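There are 2 protein chains.
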Amino acid sequence: MTIPLFRATVLVRPKAGILDPQGAAVESALEHLGFSVSGARVGKVVDLEVQGDDEAAARAQVEKMCEQLLANPLMESYEVEIVG
Amino acid sequence: MTIPLFRATVLVRPKAGILDPQGAAVESALEHLGFSVSGARVGKVVDLEVQGDDEAAARAQVEKMCEQLLANPLMESYEVEIVG
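Going line by line, the protein sequences match chains A and B. Note that our numbering gives residue 19 to position 19 of the first sequence, counting from 1, and the numbers run on in steps of one. Note that our numbering gives residue 76 to position 76 of the second sequence, counting from 1, and the numbers run on in steps of one.
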């Protein structure tokens with residue numbers, strides 16, 4: 001019996017209050033191009049496939065990946081979406 | 001009269017077939033930690049606030065930002081979500 005495969009999307013963002021130089025650079029560049037923009041923040045999106053008996057097991061695996069590698073819990077928050 | 005402000009989330013991902021060394025590194029690191037993972041791809045998430053008369057106008061602005069700055073149309077695809 002094969003273990004089902006789930007596609008997951010993880011969003012990793014700098015926490016509120018944490019300096020985000022990349023976001024500041026993006027905002028400044030957009031303003032120079034003439035856009036009215038504010039509050040730009042840049043994070044990561046990670047798409048991957050993970051094995052799991054069901055959706056809950058797959059989500060638990062991905063949350064463990066976030067805590068161990070994908071996100072820095074001091075500075076970043078993460079959001080896991082299992083897309084199927 | 002003030003112009004309404006919309007929060008937008010932009011996902012920028014490497015297109016299929018484009019080499020993604022960061023994704024490969026993440027996948028390899030996760031495997032070394034013992035996870036059963038495949039197809040890892042890493043992109044960017046950009047959150048920002050933009051002015052617009054309505055949601056369609058805000059979305060059009062953000063799509064213009066993607067074409068001009070946020071994404072490299074040769075190598076990356078983008079997805080715009082107006083969150084309110």
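Take the hints with a grain of salt, since some may be wrong.
To be verified - Only pairs whose alpha carbons sit at most 25 Å apart, straight line, appear in this in silico DMTMM-like list of lysine to aspartate or glutamate: (1) Lys-44(B) - Glu-76(A); (2) Lys-64(B) - Glu-55(A); (3) Lys-44(A) - Glu-55(A); (4) Lys-15(B) - Asp-54(B); (5) Lys-44(A) - Glu-67(A); (6) Lys-15(B) - Glu-81(A); (7) Lys-64(A) - Glu-79(A); (8) Lys-44(A) - Asp-20(B); (9) Lys-15(A) - Asp-47(B); (10) Lys-44(B) - Glu-63(B); (11) Lys-15(A) - Glu-81(B); (12) Lys-15(A) - Asp-54(A); (13) Lys-64(A) - Glu-63(B); (14) Lys-64(A) - Glu-49(B); (15) Lys-64(A) - Asp-53(A); (16) Lys-64(B) - Glu-79(B); (17) Lys-64(B) - Glu-31(A); (18) Lys-64(B) - Glu-49(A); (19) Lys-44(A) - Glu-63(A); (20) Lys-15(A) - Glu-31(A); (21) Lys-44(B) - Glu-63(A); (22) Lys-15(A) - Glu-76(A); (23) Lys-15(A) - Glu-49(B); (24) Lys-44(A) - Glu-81(A); (25) Lys-44(A) - Asp-47(B); (26) Lys-15(A) - Asp-54(B); (27) Lys-44(B) - Glu-49(A); (28) Lys-44(A) - Asp-53(B); (29) Lys-64(B) - Glu-67(A); (30) Lys-15(A) - Asp-53(B); (31) Lys-44(B) - Glu-79(A); (32) Lys-15(A) - Glu-79(B); (33) Lys-64(A) - Asp-20(B); (34) Lys-44(B) - Glu-81(B); (35) Lys-64(B) - Asp-54(A); (36) Lys-64(B) - Glu-49(B); (37) Lys-44(B) - Asp-53(A); (38) Lys-15(B) - Asp-53(A); (39) Lys-44(B) - Asp-47(A).
Hint data in this document are derived by calculation from the structure and do not stem from the laboratory. Computed from a prediction, not measured in an experiment: that's the story for all the values here.
Status of each hint after checking the structure:
1. Lys-44(B) - Glu-76(A): Answer holds: Lys-44(B) to Glu-76(A) is near 14 Å, not above 25 Å.
2. Lys-64(B) - Glu-55(A): violated (36 Å)
3. Lys-44(A) - Glu-55(A): holds (23 Å)
4. Lys-15(B) - Asp-54(B): It is violated: about 30 Å lies between the C-alpha atoms, which goes past 25 Å.
5. Lys-44(A) - Glu-67(A): holds (15 Å)
6. Lys-15(B) - Glu-81(A): holds (20 Å)
7. Lys-64(A) - Glu-79(A): holds (12 Å)
8. Lys-44(A) - Asp-20(B): holds (14 Å)
9. Lys-15(A) - Asp-47(B): Holds - the C-alpha atoms of Asp-47(B) and Lys-15(A) are around 12 Å apart, at most 25 Å.
10. Lys-44(B) - Glu-63(B): Holds: Lys-44(B) and Glu-63(B) sit about 15 Å apart, inside 25 Å.
11. Lys-15(A) - Glu-81(B): The hint holds at about 20 Å.
12. Lys-15(A) - Asp-54(A): violated (30 Å)
13. Lys-64(A) - Glu-63(B): The given pair, whose Cα atoms are some 34 Å apart, is violated under the 25 Å limit.
14. Lys-64(A) - Glu-49(B): Roughly 31 Å between the alpha carbons, so the hint for Lys-64(A) and Glu-49(B) is violated.
15. Lys-64(A) - Asp-53(A): holds (16 Å)
16. Lys-64(B) - Glu-79(B): Roughly 12 Å separates the two Cα atoms, so the pair holds.
17. Lys-64(B) - Glu-31(A): Given pair Lys-64(B), Glu-31(A) holds - Cα atoms ~13 Å apart, limit 25 Å.
18. Lys-64(B) - Glu-49(A): Since the Cα atoms of Lys-64(B) and Glu-49(A) sit roughly 31 Å apart, the hinted pair is violated (cutoff 25 Å).
19. Lys-44(A) - Glu-63(A): holds (15 Å)
20. Lys-15(A) - Glu-31(A): Holds, at roughly 23 Å.
21. Lys-44(B) - Glu-63(A): Since the Cα atoms of Lys-44(B) and Glu-63(A) sit roughly 19 Å apart, the hinted pair holds (cutoff 25 Å).
22. Lys-15(A) - Glu-76(A): holds (5 Å)
23. Lys-15(A) - Glu-49(B): holds (17 Å)
24. Lys-44(A) - Glu-81(A): Satisfied, since the Cα-Cα distance of roughly 14 Å is no more than 25 Å.
25. Lys-44(A) - Asp-47(B): holds (11 Å)
26. Lys-15(A) - Asp-54(B): violated (28 Å)
27. Lys-44(B) - Glu-49(A): Holds, because 18 Å separates the two Cα atoms, which is no more than 25 Å.
28. Lys-44(A) - Asp-53(B): violated (29 Å)
29. Lys-64(B) - Glu-67(A): Violated, because 35 Å separates the two Cα atoms, which is more than 25 Å.
30. Lys-15(A) - Asp-53(B): Distance of about 29 Å is beyond 25 Å: violated.
31. Lys-44(B) - Glu-79(A): holds (14 Å)
32. Lys-15(A) - Glu-79(B): holds (22 Å)
33. Lys-64(A) - Asp-20(B): holds (23 Å)
34. Lys-44(B) - Glu-81(B): holds (14 Å)
35. Lys-64(B) - Asp-54(A): violated (40 Å)
36. Lys-64(B) - Glu-49(B): holds (14 Å)
37. Lys-44(B) - Asp-53(A): violated (29 Å)
38. Lys-15(B) - Asp-53(A): Measuring from Cα to Cα gives roughly 29 Å; hence the hint is violated.
39. Lys-44(B) - Asp-47(A): holds (11 Å)
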